[in-house]
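> The primary structure of each chain is shown beneath.
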Amino acid sequence: MASVPQLQRQFIEYTTSLHNEGYLDDQFTQLQKLQDESNPDFVVEVVSLYFEDSEKLLNNLATALQQKSVDYKQVDSHVHQFKGSSSSIGAQRVASVCVHFRNFCEEKNLEGCLRCLQQVKQEYILVRNKLEALFRRMMQLEQQILQAGGSIPMME
Amino acid sequence: MGLKMQSHHHHMVAVSLNSDQQLGTKRKYTSYVPRTHQGKYLALWIIAFGFAAVHVYRCIDAGHQQRIQEGLVSMCDQRARMLQDQFSVCVNHVHALAVLVSTFHYYKNPSVIDQETFAEYTARTAFERPLLSGVAYAQRVLNSQREDFESQHGGTIRTMANKEPSPHRDEYAPVIFAQETVSYLNLVDMMSGEEDRENILRARSTGKAVLTSPFKLLGSHHLGVVLTIPVYKSKLPPNASVRDRIEATVGYLGGAFDVESLVENLLGQLAGNQEIIVKVYDVTNTSDPLIMYGRQAQYGDLTRVRVSTLDFGDPFRKHQMTCRYLHKAPISWTAITTAFLGYVIVFLAGYMFYTGAIHIVQVEDDFHTMQQLKVRAEAADVTKSQFLATVSHEIRTPMNGILGMLALLLDTDLSSTQRDYAQTAQACGRALITLINEVLDRAKIEAGKLELEAVPFDLRSVLDDVLSLFSEKSRNKGIELAVFVSDKVPQIVMGDPGRFRQVITNLVGNSVKFTEQGHIFVQVHLAEHSIAVHDATSDSCLSGRSNGCQTNTLSGREAADDRNNWDRFKHLIADEEFPFQVLTSDGISQNVNLMVSAEDTGIGIPLHAQKLVFMPFMQADSSTSRHYGGTGIGLSISKCLVELMGGHISFISRPQIGSTFSFTASFKRCEQNMVTDPKRSLYDELPTAFKGLKATIVDTKPIRAAVTRYHLKRLGVFVEVVNSIRTVASVLGSGQPDMILVEKDVWLSGDDLSNIRASVFGHVLKSPKMILLATNITGDEFDKAKAAGFSDTLIMKPLRASMVAACLQQVFGTGKKVEQGRVMANGSVYLRGLLCGKKILVVDDNRVNRRVAAGALKKFGAEVECADCGKAALDLLQIPHGFDACFMDIQMPEMDGFEATRRIREMEEQQTSSSVDGSCDTGTTTEWHLPILAMTADVIHATFEECQKSGMDGYVSKPFQEENLYQAVAKFFESKPATNS
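First to last, the protein sequences are chains F and S.
Quick note on the working numbering: the first sequence kicks off at 25 and runs consecutively.
Quick note on the working numbering: the second sequence kicks off at 146 and runs consecutively.
Bound-form chain F, shown alone (with noise of 0.2 angstroms):
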């Protein structure tokens, strides 16, 4: 059994890596930090909460740039709640091809469109599977971290 502050530093690692990979910003440990005792799922309360509106989203887009006149105007509405939402959690690497997406739809650039609904899929999906990956990691290293008696480090 590793020790708790191995624990913890795995437990810090972990979450940085996935800020270096550009996955995640700061936000996201803001939003760990709104977690507390009174509170105790926030974060992933509010991921499941994203990840809802998300696929919705990712939907109502694919389905209102499939339309023989396409709805610009609909479809911007969309990846602003999408990049709001992205923002919000600190997937950072979502919001920023939000914000390209938008870009297109501000030319009407229906390719550019399609091209970046690809991308911001991809990118959705990614994050998706770090989150859940991060979610079930951190769990087991906050039992063993509570089980081996240490207390669940914050980032500061």
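Hints listed in this document are in silico derivations from the structure and should not be mistaken for laboratory results.
Any given hint could turn out to be false.
Stated by the list, open to error - Derived DSS-like pairs (lysine-lysine); straight-line CA-CA distance at most 30 angstroms:
(1) Lys984(S) with Lys57(F)
(2) Lys361(S) with Lys463(S)
(3) Lys97(F) with Lys984(S)
(4) Lys1094(S) with Lys97(F)
(5) Lys1003(S) with Lys80(F)
Said to hold, decoys possible - Listing some non-contacts, in silico: residues in chain S with all C-beta distances to chain F over 12 angstroms:
(6) Asn254
(7) Ala264
(8) Asn288
(9) Lys463
(10) Gly546
(11) Gly549
(12) His793
(13) Ile802
(14) Val993
(15) Gly1000
(16) Ala1001
(17) Gln1036
To be verified - Among the chain F residues that face chain S by a calculated CB cut under 8 angstroms, a handful are:
(18) Ser41
(19) Asn63
(20) Phe66
(21) Gly108
C-beta atoms are modelled at their ideal positions from N, C-alpha and C, and glycine is treated no differently.
Please arrange chain S on chain F, whose structure you already have, making use of the hints.
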């Protein structure tokens, strides 16, 4: 990160394009110069004025020609008239001869005229008839009378042609009298010549002088005409018939005009004879004019001719004179030169316009290009600042991670070496963050994005804070660090405390960095007062410089700005003995202009570098930065900040002596009732327990004493200053002091304190507390001081009111404990305090955002309710409601944040006005004004004004960050914290 950067790049390009377009639409000035085809315009100009020149030439030339023509006319007419006159004179004379003949030959019987008489008479009167070669009288002889006649005259009648005896005819006209010149005509029948015959017939039928057509005269080869005048035997009535006349005719008087020599003579008398050719014609038969004078050939100037009619008195014959110039008229040089010179001038003017136009067009083009370049340069500058801002921000995020990790690392078990490494890394990281913040500040200032706050603050406590930052360093170096704020400066002013602190920190930081011994002295005065005193004392100080002014500074070392010594300071604080209430409380001016100076006795700034001091990234030289560190950006930021605060910064520096930086800044006066209880809510309160105590300061240096007094006065302590411990006793008249503060150097310089203490205060029950003031003190000295009687306490400089208070508390043992639990404003605990129990509405259409915002606010103890669109928010905010604040997303479908806010404000206004109308129900006539904060992801574009326009109170950038949230929320809740919690 990469993607983000790219997106920013796109953004920036868009910005610059936009500015280009704006320029294009803005630049609509009218140009009065053709931009193309200047060459064509020039050609057109030249051609047009070419025609004009020709026209001018023609006009002038026409006048010239007319004058020539007029000359010709006058000459011709003159000649014609003279010729005519002379001719008629001759004719008249011949007439007279005719009368003579008729009178003396026919009326006298017998005739008294014979050939001799006639010849004699005519010869003697020939001068009267210069034009006539000769005159002769022919008698009319009918055929029947021929024989008688011939016999009477002794000869036969001969013909003119061959002088033979005349053949038989009806009538003859033989010459009976002749002038000698024509004596060969004697008895020649004048009617035998065709022309003469016709002439004779015509003459006798008309009774007038008649002329023949020109012919070659007998005896000369000149052209001539023959004049014939009839002689009647009786006087005829004027209306006699032709028949009567013929009947009455008795003879004919004739003469030959030698026209050629006549005209020749005449012309010879006149001027200008050589210039013109004169011809005289007989034009009785108009189709065949007969020349009388002049050569037949046409020569001379054929273009100009003048014809004058001649009247020789014979109505049957018509004569005329034609005149021509011999030479063609000369070309009019005046006309040509006038026209040509005019044309040249106009041509040159045209050329000037042409080159001018080309030049103007070129200059305009250059101007245009330069303007574009300027716009591009400005855009690039903005882009640079934005880039800096962005990059700095981007660097800060990972740096926070690094610092966080280091903090965690330092919490773990580390060997001392590892700890040292980690601490060094952390220190470096902090330094880097500071640098980045500075760069960010500068970029923000350059991009015009930095806005100053206007919140009430206590600048004395700000200065104390700054002092506390550097107290450790200054103590280590043994520098005297002090601050003094004039009493005239109000306690609370409105302004940006953070930025003010930043400037002061920067100046003091520099001073501390570059000063090894001596002092650093920060003073704050009212700018007006400071200037007034400066004016008043500048003279006296100039004279006082020689006699050791420099010793009168804070530490006794010479300072750069010698005016900053006690002589001046005395004046500045002079009024404070009797507080000068008018300036501070009349409220006429809403502005408080402060003059802040920071004086040090450091290494100074080399003269060559003094110009560069306020340039970013400039230090005196590279060795400076190697030796002292730092980037040199601080002063340039300070300058910008000072300018933003409506002041300006300057300095006086003397190498190896020190520098004095001073700046002015303008703050707003703060109304006391505007902030309910500013001291309580905003600032550390100074304890009031020492009010009314008396203190005596023993100090030889007046400025230092003034600083000490300043801090004590803030605590409400009455202060007296004396020069030495000996004199303490002399001021006892006003009562015994509660404490005596002694400077270390005064104490060391001699007086034994304990004796004096014993002797002076020995009889008093409660002896005053003895306090030693020192910048630094060694262990030995400390022991000695204790032994000498400073058992009470030692106050280490720099002095700060709160620190002095703490020490005094210790000395006097006042039981009152200062509430140390007060949380400093920048912690989340503080935020919790602000938000705890507040009811907050979060409006956002995005579920995730809403949840996060709510989570964040809940974490700080707020009670959060959510609305997913503007309408729902309006429903929830129907008055009365219990919300304390509202966070509003800006971009929402249907009704965006601005619109929703406007409606909420409308609702509130209605409510307020109606509650004023019927102010009965609760008695609370408070205005409804819900603080509404915009939430936006786009901080750059969402300017504060835009939010304010729609009635919002501020904005928070999304996603929420603690400090951000704190700054925004603090503004509202800070000022009225006591009302709800």
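> So if I understand the rule, the pair passes when the alpha-carbon distance is 30 angstroms or less; does Lys984(S) with Lys57(F) pass?
Within the cut-off at roughly 22 angstroms; holds.
> With d taken as the least Cβ-Cβ distance between Gly549(S) and chain F, does d exceed 12 angstroms?
3 angstroms, violated
> Please check whether the beta-carbon of Lys463(S) is more than 12 angstroms away from every beta-carbon in chain F.
105 angstroms, holds
> Once the closest CB in chain F is found, is it more than 12 angstroms from Ala1001(S)?
Ala1001(S) not clear of chain F: closest Cβ-Cβ about 6 angstroms, inside 12 angstroms.
> Please verify that the nearest CB of chain F lies beyond 12 angstroms from His793(S)'s CB.
His793(S) clear of chain F: closest Cβ-Cβ about 39 angstroms, beyond 12 angstroms.
> Does the claim that Val993(S) lies outside the interface with chain F hold up, using a Cβ gap greater than 12 angstroms?
Incorrect as stated: the minimum Cβ-Cβ distance to chain F is 4 angstroms, not above 12 angstroms.
> Within a Cα-Cα threshold of 30 angstroms, do Lys1003(S) and Lys80(F) meet the stated pairing?
27 angstroms, holds
> Could you check if Phe66(F) really has its C-beta closer than 8 angstroms to a C-beta on chain S?
5 angstroms, holds
> Taking 8 angstroms as the limit, does the beta-carbon of Asn63(F) come near enough to a beta-carbon in chain S?
Interface hint status for Asn63(F): holds (7 angstroms vs cutoff 8 angstroms).
> Would you say Gly1000(S) is clear of chain F, with no C-beta pair closer than or equal to 12 angstroms?
Not fine: 5 angstroms to the nearest Cβ puts Gly1000(S) too close to chain F.
> Report holds or violated for the interface hint on Ser41(F), using the least CB-CB distance to chain S and a cut-off of 8 angstroms.
Since the shortest Cβ distance to chain S is 12 angstroms, the answer is violated.
> Taking 12 angstroms as the cut and beta carbons as the points, is Ile802(S) off the interface with chain F?
Per Cβ check, Ile802(S) is outside 12 angstroms of chain F; nearest 46 angstroms; holds.
Consistency with the previously given hints fails for numbers 3, 10, 11, 14, 15, 16, 17 and 18, ordered from lowest to highest.
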